[in-house]
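Using the sequences plus the hints, can you model the full thing?
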Amino acid sequence: MEKTILTLEHIRRLNVDTYELVLSGDTSAMERPGQFVNLELPELFLRRPVSVANWTEDGLLLLVRAVGVGTARLTAAEPGTRFDTLVGLGNGFDPEERGREPVLIGGGIGLAPLYALARRMTGLGLTPMVALGFRTGADAFYLEEFAALGCSLFLATEDGSLGTKGFVTDCVRAHIPQADYAFACGPTPMLRSVAGLTQLAGGQFSLEARMGCGFGACMGCTIETAGGPKRVCRDGPVFRKEELKW
Amino acid sequence: MEKTILTLEHIRRLNVDTYELVLSGDTSAMERPGQFVNLELPELFLRRPVSVANWTEDGLLLLVRAVGVGTARLTAAEPGTRFDTLVGLGNGFDPEERGREPVLIGGGIGLAPLYALARRMTGLGLTPMVALGFRTGADAFYLEEFAALGCSLFLATEDGSLGTKGFVTDCVRAHIPQADYAFACGPTPMLRSVAGLTQLAGGQFSLEARMGCGFGACMGCTIETAGGPKRVCRDGPVFRKEELKW
Amino acid sequence: MVDLRVELAGTTLKNPVIPASGTFGYGWEFAELYDLNVLGSFSFKGTTGAPRVGNPLPRIAETPAGMLNAVGLQNPGVDAVIAEELPHIARIFQGPLIANVGGFSLEEYAENCRKLTACPQTAILEVNISCPNVHCGGKNFGSDPTGAAAVTRAVRAVTDKPVFMKLSPNVADIAEIARACADAGADGLCLINTLLGMRIDLKTRRPVLANRTGGLSGPAVFPVALRMVWDVFEAVNLPIIGCGGVSSAEDVCEMMLAGASAVEVGAANLKDPFACRTIAANLPAACRRLGVTKISELTGGAHR
Amino acid sequence: MVDLRVELAGTTLKNPVIPASGTFGYGWEFAELYDLNVLGSFSFKGTTGAPRVGNPLPRIAETPAGMLNAVGLQNPGVDAVIAEELPHIARIFQGPLIANVGGFSLEEYAENCRKLTACPQTAILEVNISCPNVHCGGKNFGSDPTGAAAVTRAVRAVTDKPVFMKLSPNVADIAEIARACADAGADGLCLINTLLGMRIDLKTRRPVLANRTGGLSGPAVFPVALRMVWDVFEAVNLPIIGCGGVSSAEDVCEMMLAGASAVEVGAANLKDPFACRTIAANLPAACRRLGVTKISELTGGAHR
Ligand SMILES: Cc1cc2nc3c(=O)[nH]c(=O)nc-3n(C[C@H](O)[C@H](O)[C@H](O)COP(=O)(O)OP(=O)(O)OC[C@H]3O[C@@H](n4cnc5c(N)ncnc54)[C@H](O)[C@@H]3O)c2cc1C
Ligand SMILES: Cc1cc2nc3c(=O)[nH]c(=O)nc-3n(C[C@H](O)[C@H](O)[C@H](O)COP(=O)(O)OP(=O)(O)OC[C@H]3O[C@@H](n4cnc5c(N)ncnc54)[C@H](O)[C@@H]3O)c2cc1C
Ligand SMILES: Cc1cc2nc3c(=O)[nH]c(=O)nc-3n(C[C@H](O)[C@H](O)[C@H](O)COP(=O)(O)O)c2cc1C
Ligand SMILES: Cc1cc2nc3c(=O)[nH]c(=O)nc-3n(C[C@H](O)[C@H](O)[C@H](O)COP(=O)(O)O)c2cc1C
Ligand code: FES
Ligand code: FES
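Protein chains in written order, with the working numbering: chain Z, -8 to 237; chain L, -8 to 237; chain E, 44 to 347; chain U, 44 to 347.
Everything labelled a hint here was simulated from the structure, so no lab data went into it. For glycine and all other residues, C-beta sits at the position ideal for the given N, C-alpha and C. Treat the hints with care, as some may be off.
As the list claims (entries may be wrong) - Below, in silico cross-link-like pairs of lysine-lysine (DSSO-like), each with a Cα-Cα straight-line distance of 27 Å or less:
| id | chain 1 | residue 1 | chain 2 | residue 2 |
| --- | --- | --- | --- | --- |
| 1 | U | K246 | E | K337 |
| 2 | E | K246 | U | K57 |
| 3 | E | K246 | U | K337 |
| 4 | Z | K232 | Z | K221 |
| 5 | E | K57 | U | K246 |
Claimed, not checked - Here chain U is said to cover these stretches of chain E; the calculated rule only asks that three of the stretch's residues, wherever they fall, bring their Cβ under 8 Å from a Cβ of chain U:
| id | region |
| --- | --- |
| 6 | 99 to 111 |
| 7 | 148 to 157 |
| 8 | 234 to 242 |
| 9 | 295 to 308 |
Structural data, given as structure tokens:
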């Protein structure tokens, strides 16, 4: 972990409430896809955790959905705005452990860390399958970016306006029966369903929790796992399927 | 009073801790010299009261001394910064009542509202005498601006490095014995001494107080006067000599 | 259309937004800025028997997300309020008025309430047993159930107007005080008054406030006020005016979900003189976002 | 050169800056960032007899200039702390250590303190009788003088290490509790723990915290903490560790002027992991601006 200043370089609206932010700054603390940053915002006491969707030596990419006061402020910021940020938080995904046929399963904004993972995997010469679920077609974003990596894309929407009608797990069951390992991020109910997919021998799940510190000091985010109490921010946010007590 | 947004246009450092700020915005609520504005600053709960040192139809001038967290932030602001501001607060000076030989007596940053008054008086065809006191010559500022109005300037510094050695009241007593009316603003001990100048038949004194609201709602700034309890922010900040219980 | 009306012990307010006592004077300064009739009610500056000049200056200090005040109940006394302020208020506000009453003895509370009861403008008596800035032999009546009940009974005996007791947060168990007031005949409760706090000036090495301590209010206290409203809602079956740190329409909704029937806005008026009008104006949209067509349905909604 | 040393009941700290219990874990995460030996001391996470997983999530909520926590004393239990955490701490911090002790009964407090007394690393026992997030038959020991005195006596009987009682702000008169602790043999006091507060989620219409209420801390509470430190300094003749909202070297000075001999920094560590180091580094300059060459001279300076 490092504490550094990130400067907003570009911001682009992806759909009604989702934005792509490109920030420049020291990213030397980033080790793995699935790690996150914790951003300080003016007038707000707690930092806001956001997954790193991609990074280079001198900058990183965030995908942010405006859901409350902090994310609204963050996505309304103008280029040049500087953010005091903790970079390189959490354990991240381990792409070395991936079964035989891994699939990346994302729900909504949960696709953000999976994009970083997909880039890492294509860097390793792999082209993972990617299954993404959205409420409706209008909520979808970043499809082209995943496609540009050469990933096979499988889509699901609850109203059927794009891809399979239903949940992303329905789509995985129907269209990717060969997948035996999941890298998943999304709302908790979705993660629970993914964990329930019998076809999967294993998986890595990125969790969310309200956080005090984001780096392991306050025990604000502890969940019970098979291996005892674990902090989502530091021991996670990525947990192995068998660790989760679902 | 109006609530409006002022935009910082220019900022100029005048001495080690004093700055001139030119702000643009709606000044229609300004009626008299000696009135003040109350500025909202990021992360600070209370607004900061600052005298208007001059105003035109679409902007105003502030002279600010950085003494604490708020004034430090205000004087570190960059052009383009916008401030939510209450404009046109307080009663201000009444230049109609001025004796025969009025003198404007300022101590340090207290000269700010007197500059607005001097401009108003020169506008009325008067060239008032101006006596200014500073701790030392290095603290002096705005002398040229007052001189440019055609005012006769009398200076005092505590260490004698500029003008008369001593307090501004010493200077008035010694060099302007004909003055019979004072418009004064400065630290309380200075104002007390001015009120004690026997040569004065009358005067108007601009006071300071820690304020909750600045517009008369909270009774946070009430002083006892000959006419009963008065709010510095609304019934003042300018009080007549005979009102003050010194 | 969202129905913003709320009821406080038989009095209907057009909306739940009420400027809190001591932060709105007698309304004049605000009436120059906007029509006060957009407000549900307003609670005027605390009234004592004799005129009071209040505490020496400084009376105000800043704190993170809040402020301290040690005004000390400056007011012209109940007779002058009735003779001069009420007629003036009648011209600027025609809704139901909350008369905030202070006192230093049971007799004074009763006498002030008797006099204000005789004024038709008074819709509700709000009895402040919690001002941290005036001292009557150390503690104030609001700091224990016996004192709180005694004032409630004394006031109850002289008025048929709704009596709302305004409680202090500087207690270990506010529900206990609330129950004592309820048992003694209160029609409602208002909470919270300010938390006791202080600041020290590093340069002078002395307390900033001449009174040493002052009352903390503003957004900083919101979570404390909310918790106390919740606790009191669980403890007694009386309407509650929630107060403490409210600065937005969302804060009003949160207070109501915790159990408030109406909400007072204090320090926010000092920072933004239009705060109450803005909050009232934003309430319909806030309700719509919550899927609520009658705001009064929010009251206590989080307890279910 | 400013002399930053302060004394707490016979233990000398190199400076008055102490990370507060529960906001610094067992130091590991911070030791990766900086050398903890720049700190005066540190108070580790509250230790109970049995391991505790704490309360369900969410345990954290945001408030204006502060936060609520309802962690609920998650810790591996006193035996694991002694066996595993203390040896680890020995490698990252060689200064005097504060052992923060929780408990649910007099016996448990005494037993935990007895065990931690046997560890040479323990310089001071800080006995938390004020955690708002654990429940032992309603109130906790810190909410009345009798309970506070009982814990103090129970702990005093089993240790010769300095005993600092950590007091709750959720009381009407903290000086009374402080006096009870002093009379029962405490060597010092630490105040304040968190103020009881809550938030409600507008979307779900339920309390944000699974535990409903949580402890408010951060800058918002600073003026309350400062006032309580002042009150206790007037009431008892014991060293005080001031705590609550401290986030800067200036805050440390203000706390010391109010009566603190040393200062704990809590929530600020969570927002900025370097907070304590930065505060300690800024203390000499802050003292010089105040014209002080020995920081311990500030203690109680505003009372004179
Ligand atoms: C490890 C991690 C990675 C995340 N990655 C992303 C991402 O890449 N893109 C994205 O848009 N969002 C991401 N989130 C969610 C994001 O942190 C929340 O949407 C954000 O904190 C909401 O803040 P707010 O002020 O807008 O909402 P508010 O509801 O006003 O926030 C109030 C408080 O609750 C906390 N909070 C609210 N929702 C969440 C949540 N879902 N998770 C954690 N804390 C929450 C806030 O941090 C704040 O402390 C991530 C969360 C975690 C824990
Ligand atoms: C009517 C009026 C006109 C003023 N005009 C000017 C001016 O033209 N130029 C200028 O430089 N200053 C002026 N001041 C003083 C200015 O308001 C203070 O210097 C400023 O509020 C200090 O804020 P701070 O955050 O820098 O200091 P801090 O000490 O950090 O402020 C803490 C709190 O105390 C209040 N406070 C501190 N000092 C004063 C003070 N002297 N008067 C009132 N409140 C104070 C602050 O507003 C704030 O609420 C005026 C004050 C008043 C009342
Ligand atoms: C400047 C000031 C003066 C106050 N005077 C009174 C008063 O006279 N009577 C009273 O009952 N409460 C008084 N209060 C308390 C407020 O009515 C309110 O209970 C408290 O400020 C909490 O609300 P807030 O956080 O919205 O300010 C005063 C508060 C302030 C800030
Ligand atoms: C996340 C968190 C956990 C805490 N855990 C403990 C604890 O285990 N024992 C204890 O005595 N105090 C605990 N506290 C209280 C702090 O030590 C401190 O008294 C309080 O937070 C006030 O200081 P602050 O405003 O600087 O945070 C905790 C506080 C926080 C924020
Ligand atoms: S958020 Fe503090 S330990 Fe995870
Ligand atoms: S500052 Fe509020 S009345 Fe003057």
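Going down the list of hints, with the structure as the test:
1. Distance restraint check for K246 of chain U and K337 of chain E: the Cα-Cα separation of roughly 17 Å lies within the 27 Å cut-off, and the hinted pair is therefore satisfied.
2. Only pairs whose Cα atoms come within 27 Å are accepted, and K246 of chain E paired with K57 of chain U is accepted, the gap being roughly 25 Å.
3. Between K246 of chain E and K337 of chain U the alpha-carbon distance is near 17 Å, which keeps this suggested pair within the 27 Å criterion.
4. As the CA atoms of K232 of chain Z and K221 of chain Z are separated by approximately 14 Å, the hinted pair is consistent with the 27 Å bound.
5. Proximity of K57 of chain E to K246 of chain U is assessed by CA-CA distance (about 25 Å); at most 27 Å being required, the pair is judged to hold.
6. Figure legend: the region 99 to 111 of chain E, annotated as covered by chain U; annotation consistent (6 residues with Cβ-Cβ distances under 8 Å, at least 3 required).
7. Beta-carbon proximity to chain U at under 8 Å applies to 0 residues in the region 148 to 157 of chain E; the threshold of 3 is not reached and the given coverage is violated.
8. Here's how the region 234 to 242 of chain E fares: 5 of its residues keep a CB closer than 8 Å to some CB of chain U, so the rule of at least three is met and the hint holds.
9. Closer than 8 Å: that is the beta-carbon criterion, and the region 295 to 308 of chain E has 4 residues meeting it against chain U, so the requirement of 3 holds.
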